[in-house]
Amino acid sequence: MKILVFVELLGTISFAFSGAVIAMRHRLDAFGILIITFISSIGGGTLRDILIGSTPVSWMLDIYLVYTILATYFAAIFFHNKLLKLKNIFFWMDTFGLSLVTILAINKGIACNLHPLVCIALGTISGCFGGVLRDIVLNEIPVLFKENLYATACIAGGIIYFFSVFFTAETYVSSILACGTIIFMRFGADHYKWNLPKFK
Amino acid sequence: MKILVFVELLGTISFAFSGAVIAMRHRLDAFGILIITFISSIGGGTLRDILIGSTPVSWMLDIYLVYTILATYFAAIFFHNKLLKLKNIFFWMDTFGLSLVTILAINKGIACNLHPLVCIALGTISGCFGGVLRDIVLNEIPVLFKENLYATACIAGGIIYFFSVFFTAETYVSSILACGTIIFMRFGADHYKWNLPKFK
Amino acid sequence: MKILVFVELLGTISFAFSGAVIAMRHRLDAFGILIITFISSIGGGTLRDILIGSTPVSWMLDIYLVYTILATYFAAIFFHNKLLKLKNIFFWMDTFGLSLVTILAINKGIACNLHPLVCIALGTISGCFGGVLRDIVLNEIPVLFKENLYATACIAGGIIYFFSVFFTAETYVSSILACGTIIFMRFGADHYKWNLPKFK
Numbered sequence: 001m002k003i004l005v006f007v008e009l010l011g012t013i014s015f016a017f018s019g020a021v022i023a024m025r026h027r028l029d030a031f032g033i034l035i036i037t038f039i040s041s042i043g044g045g046t047l048r049d050i051l052i053g054s055t056p057v058s059w060m061l062d063i064y065l066v067y068t069i070l071a072t073y074f075a076a077i078f079f080h081n082k083l084l085k086l087k088n089i090f091f092w093m094d095t096f097g098l099s100l101v102t103i104l105a106i107n108k109g110i111a112c113n114l115h116p117l118v119c120i121a122l123g124t125i126s127g128c129f130g131g132v133l134r135d136i137v138l139n140e141i142p143v144l145f146k147e148n149l150y151a152t153a154c155i156a157g158g159i160i161y162f163f164s165v166f167f168t169a170e171t172y173v174s175s176i177l178a179c180g181t182i183i184f185m186r187f188g189a190d191h192y193k194w195n196l197p198k199f200k
Numbered sequence: 001m002k003i004l005v006f007v008e009l010l011g012t013i014s015f016a017f018s019g020a021v022i023a024m025r026h027r028l029d030a031f032g033i034l035i036i037t038f039i040s041s042i043g044g045g046t047l048r049d050i051l052i053g054s055t056p057v058s059w060m061l062d063i064y065l066v067y068t069i070l071a072t073y074f075a076a077i078f079f080h081n082k083l084l085k086l087k088n089i090f091f092w093m094d095t096f097g098l099s100l101v102t103i104l105a106i107n108k109g110i111a112c113n114l115h116p117l118v119c120i121a122l123g124t125i126s127g128c129f130g131g132v133l134r135d136i137v138l139n140e141i142p143v144l145f146k147e148n149l150y151a152t153a154c155i156a157g158g159i160i161y162f163f164s165v166f167f168t169a170e171t172y173v174s175s176i177l178a179c180g181t182i183i184f185m186r187f188g189a190d191h192y193k194w195n196l197p198k199f200k
Numbered sequence: 001m002k003i004l005v006f007v008e009l010l011g012t013i014s015f016a017f018s019g020a021v022i023a024m025r026h027r028l029d030a031f032g033i034l035i036i037t038f039i040s041s042i043g044g045g046t047l048r049d050i051l052i053g054s055t056p057v058s059w060m061l062d063i064y065l066v067y068t069i070l071a072t073y074f075a076a077i078f079f080h081n082k083l084l085k086l087k088n089i090f091f092w093m094d095t096f097g098l099s100l101v102t103i104l105a106i107n108k109g110i111a112c113n114l115h116p117l118v119c120i121a122l123g124t125i126s127g128c129f130g131g132v133l134r135d136i137v138l139n140e141i142p143v144l145f146k147e148n149l150y151a152t153a154c155i156a157g158g159i160i161y162f163f164s165v166f167f168t169a170e171t172y173v174s175s176i177l178a179c180g181t182i183i184f185m186r187f188g189a190d191h192y193k194w195n196l197p198k199f200k
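Residue numbers (the working numbering), protein chains in the order written: chain A, 1 to 200; chain B, 1 to 200; chain C, 1 to 200.
FYI, nobody ran anything at the bench for these hints, they're computed from the structure. Treat the hints with caution; some may be incorrect.
To be verified - Straight-line C-alpha distance at most 25 angstroms; calculated SDA-like pairs for lysine to any residue: (1) B:LYS108 with A:CYS112; (2) A:LYS193 with A:PHE90; (3) A:LYS108 with B:TRP194; (4) B:LYS108 with C:VAL7; (5) B:LYS108 with C:VAL57; (6) A:LYS193 with A:LEU84; (7) C:LYS108 with A:SER58.
To be verified - Just some of the chain A residues that point at chain C, by a computed CB distance under 10 angstroms: (8) HIS26; (9) PHE31; (10) GLY32; (11) PHE38; (12) GLY53; (13) LEU61; (14) ILE63; (15) LEU138; (16) VAL165; (17) PHE167.
Glycine residues also receive a C-beta, built at the ideal position from the N, C-alpha and C atoms.
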């Protein structure tokens, strides 16, 4: 399990860092950047915990997560010019983190006896709503609703997970298939500009 | 009770459909429309459940409600041109649904031993905050705060409910009177342009 | 304890009044102003209660608080021209109220066995997020993120509180020191234009 905790942490760092950079672009002060950094990294998980009634919400009980986000915040403020050059590394951290956060939330939903469709919704909320809350606070229409296959990847991963559980009944195989789906779709959206249709 | 479940479902469909149409006008992609459809239909009830601590929130435990919203979403995407001609039908679905959602939430508040004023607030939140959350996510000042007697109708219905309970003690009579008040005020606001005063 | 309840009430009144005035400037109708008044005064405490799972949230159980906010709302609507001249009084009500709300939330966090850093975050959320939610609903970038030492004062007060608890172990001395810190920083920010650095 150590490797999973590590990958999830990478995802948190990547969510936090992208939040900090976007906040700096909006010319917020040091405190505003701190809040946006936190909202970006823990917003999705917090909403997940509130919806299923798991309180105090998880980041409040995990001081090492708080330290990690604080460290990311200071790193973003002092070294953002250098860190922004590592764009590819952040893309992969974000993608692996997203896939893990989604699958972990699906498992939380299963533990609450929720219907598979609801579990998929919960996984997608956990993966994506940090960014949605960040955009709401920054007074923009959430980029998630307009741009690419971010949330769709979570939904597809969730569907693959439950299909695979239905046919094989091995949780870890299903998890790997689901994570693979999310990573594959994110990669496709990023490199081949896959996109969803729009309507008038 | 069957008829009540049916009327509440009509309200949910109407909230969901209006959300989907507004999201399409904002040129969101298919996923963005899905989210706005859900937020519009279940946002108010979700906030109600979070405030009183009834978790997992109700839509997570009601898979038929989720199916209904999904069906409304697909109907809105594929047939919105035809459905938009049924404007009057949607007005009445929305109005009956709103009155029921409000009274049901008031009863939830009573079951939690909350003060009548707080129950009325809870009813109004349930009826109106789906639309408020939708507008916040879409980056607009909530239409609710500017336009017509939507929320005021919920408040008036709640006041009538408790006055009537105080004088008659028959819950179903009070519920009918309260629903009638809400429907009457919505009709007046729509047809005779009743409105609240503004201040500078 | 009577004096503390009174000071906290002053803070609530001041949060509510400033919310009402800002809502009137946005030309909302009477209901919109009512909602913004409530969100400004109870938003922070509501978020605090939701995060730690203390439900029904506190304002729902405290009808006198609801009466106080309603009275402030009517006072703001009918006498705002006269009340706005009392700017200094509102500054001090707001500052004292903020310091108390922050310290009370920190104590709630301690009662939940949360880590000091998390308690400080909870205190800051309680003190500041009413205004953040108000600005989000009104479709503005939260003034908190751009302007002055409002939230920083809460954080500083929280740090002083835990340092002082660490060294003296007397809760009431620590509380006084922490409140003093918050009041001092707010005064400095207001009169000497103290501010946080920005980043590009």
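Worksheet item: Which numbered conditions among the earlier hints are violated in the structure presented, ordered from lowest to highest?
Response: Failing hints, ascending: 3, 4, 16 and 17.
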